[in-house]
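> As a plain string of letters, each chain reads:
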Amino acid sequence: MSNQLPGALSIGIKRGGLEIKQFLRQKESVVFTLLFPLILLAIFGSVFSETIAPNVTFSQYFVAGMIASALVNTGFQQIAIFIPIERDLGALKRLRGTPMPASSYFIGKAIVVTVSMVAQVVLLLAAGVAFFGVNLPTKLDKWLTFAALIFLGSLVSTILGVAFSSVPKNARGASAIVSPVVIILQFFSGVFFIFTDLPGWMQQVAAIFPLKWLTQGMRSVFLPENFATREIAGNWETGRTFAIIGIWLIVGTFLAIRTFKWDRD
Amino acid sequence: MKPVISVEGLRKSYGPLAVVKDLSLTINQGEIFAILGPNGAGKTTTVEILEGFRAADSGAISVLDTDPAIKGAAALAWRNRIGIVLQSTQDTAELTVREAISHFASYYSNPRGVEDVITLVGLQEKADDRARTLSGGQRRRLDVGLGIIGRPEVLFLDEPTTGFDPEARRAFWVLIKQLKSEGTTILLTTHYLDEAEALADRVAVMNHGEILEVSTPAHLGGRADARATISWREAGEIKSEESETPTEFVKSLSARLSGEIPELAIHRPTLEDIYLSMIGATHE
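Chains A and B, in that order, give the protein sequences.
Quick note on numbering: the first sequence equals residues 1 to 265 in our numbering.
Quick note on numbering: the second sequence equals residues 1 to 284 in our numbering.
Just so you know, the hints here were simulated from the structure itself, not pulled from any lab data.
Do not take every clue at face value.
[Stated by the list, open to error] The list that follows gives simulated cross-link-like pairs (lysine-lysine, DSS-like), each with its CA atoms no further than 25 Å apart:
| id | chain 1 | residue 1 | chain 2 | residue 2 |
| --- | --- | --- | --- | --- |
| 1 | B | LYS239 | B | LYS251 |
| 2 | B | LYS2 | B | LYS177 |
| 3 | B | LYS2 | B | LYS180 |
| 4 | B | LYS177 | A | LYS14 |
| 5 | B | LYS71 | A | LYS261 |
| 6 | A | LYS14 | A | LYS261 |
[Unchecked claim] A short list of chain B residues far from chain A (calculated; beta carbon distances all over 12 Å):
| id | residue |
| --- | --- |
| 7 | ALA75 |
| 8 | HIS208 |
| 9 | ALA228 |
| 10 | GLY236 |
| 11 | GLU242 |
| 12 | ALA255 |
No residue lacks a Cβ here, since even glycine has one placed at the ideal position from N, Cα and C.
Here chain A stands alone, though its shape is the one from the complex:
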């Protein structure tokens, strides 16, 4: 007879598998999550067909914003809306009554977000290349930056979603509170428009939050090297991007652990 409790990571990985299974069984939600970025790309790619710089179409610019934006939708938005639902259903209270560590629950969320992100990116890039003339990066270091942004972006987005999940009092209020936050951030961060065209104060507000940096990081992957001169800083600020994402990861983890609510009251 063993008295050794299973490790938090091993339970977290099992929870990730379980969360993926539960997600895949809700067909409507799967279709919507995977198709939504494609629909947006189709709309924006058809409306803005001009080029914004030599050899840079709006679709090329927009695909960077779409991927960054998908990170926020899949992580922050879905997590911050779904956790209050789980709380209202009593799922969290049940978990709290077991020896499952809280960190395993967070790890499970991060896994389902990362897997969903990878699926969305593959679809989005395939559609972008096939229908909207999107060019993929050709250098290995760009692909490594891309992979790091997807991975760290999924983590930071998840953990901030977990932290924000204690703001809505119940599941009904969650969507009303979370969605505007996401939409405003998307506008401010240059997802739908060219960031440098935005008013200065918007740029400054956006610079506080990770979405602007994820979007800029994605541009560094998908836009030609010489486009960097048109960024605010005159270069891609890759080091700064990862530093700010790292800071938010730490702040988010701290907030998530401190404020997480297992029960309605």
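Since the structure of chain A is provided, determine the placement of chain B on it from the hints.
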């Protein structure tokens, strides 16, 4: 025997409202202990403090030699030894019975076998069905399965049979008795007095944040010594008589009516009668 649960001087207020006032109780190993009381009596608050979901304002509380308010790794080690079945939960809807039980098993150091638990809660035929397709009673059995998968030494059952049909309730009682026979200590809250009577070794009646009495179901409120009411039909009308010695009374009645007594009934106060008089409610 050392108590598994002991509470001494427990107090809890929400703002100015005292919900639990100086409550003390002990529950022994292998005992089924039921807490009865009307809504708002403080049952749920008391149980949630014992489950570690809420903090007490004051009082010495021990469950398996541990203060339920414990935090960190020690709290997980303690939770490894207890099982909690909450009121109506609707989670794990998209998982099958087997998937849910098997996943929860992975949280514990020494879980029961998944198939054993499925059999124990009588869900063999539903093992591969999604939880959302289960009936209310089956769903409740799944909740119990998830509560006992970790082989708990103490099991908390909150209103376990609400919404059951009578047959499902009886089957459920058999399961609870089986857990008791394996040495599990069970703390039960219920609105059904027949359930407390069928299952509990001892019951506590709570009202207004206090325990009024702790006793066996048969002796609660002086029930065992209470006068019995004998009724029968004689000369075309129903007669009734209270007696402290109903057997003697029936013998003499039988002699007087020379044999069979028409429509004989002997009524002792039920647990419900006693309970209602204790909490000051009138029997309708």
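> It remains to establish, for every hint, whether it holds in the given structure.
Okay, the hints, checked on the actual structure:
With a C-alpha separation of about 16 Å, the suggested pair LYS239 of chain B and LYS251 of chain B falls inside the 25 Å cut-off, and the hint holds. Proposed proximity of LYS2 of chain B and LYS177 of chain B is supported: the alpha carbons are some 21 Å apart, at most 25 Å. Distance hint between LYS2 of chain B and LYS180 of chain B is fulfilled; the C-alpha atoms sit about 17 Å from each other, no more than 25 Å. As the CA atoms of LYS177 of chain B and LYS14 of chain A are separated by approximately 33 Å, the hinted pair breaks the 25 Å bound.
Restraint check for LYS71 of chain B and LYS261 of chain A: the C-alpha separation of about 15 Å stays at or below 25 Å, so the hint holds. For a cut-off of 25 Å, the pair hint linking LYS14 of chain A to LYS261 of chain A stands: about 22 Å separates their Cα positions. At the 12 Å boundary, the C-beta of ALA75 of chain B falls inside the reach of chain A, the nearest C-beta of that chain being 8 Å off. With 12 Å as the threshold on Cβ separation, the claim that HIS208 of chain B sits away from chain A holds: the shortest Cβ distance comes to roughly 21 Å.
Remark: the non-interface label on ALA228 of chain B is consistent with the geometry, its nearest Cβ contact in chain A lying 44 Å away (cut-off 12 Å). With a least CB separation of 58 Å from chain A, GLY236 of chain B remains clear of the 12 Å interface cut-off, as annotated. A cut-off of 12 Å between C-beta atoms confirms that GLU242 of chain B is not in contact with chain A; the least separation is 48 Å. Residue placement check: ALA255 of chain B keeps its beta carbon more than 12 Å from all beta carbons of chain A (closest about 61 Å).
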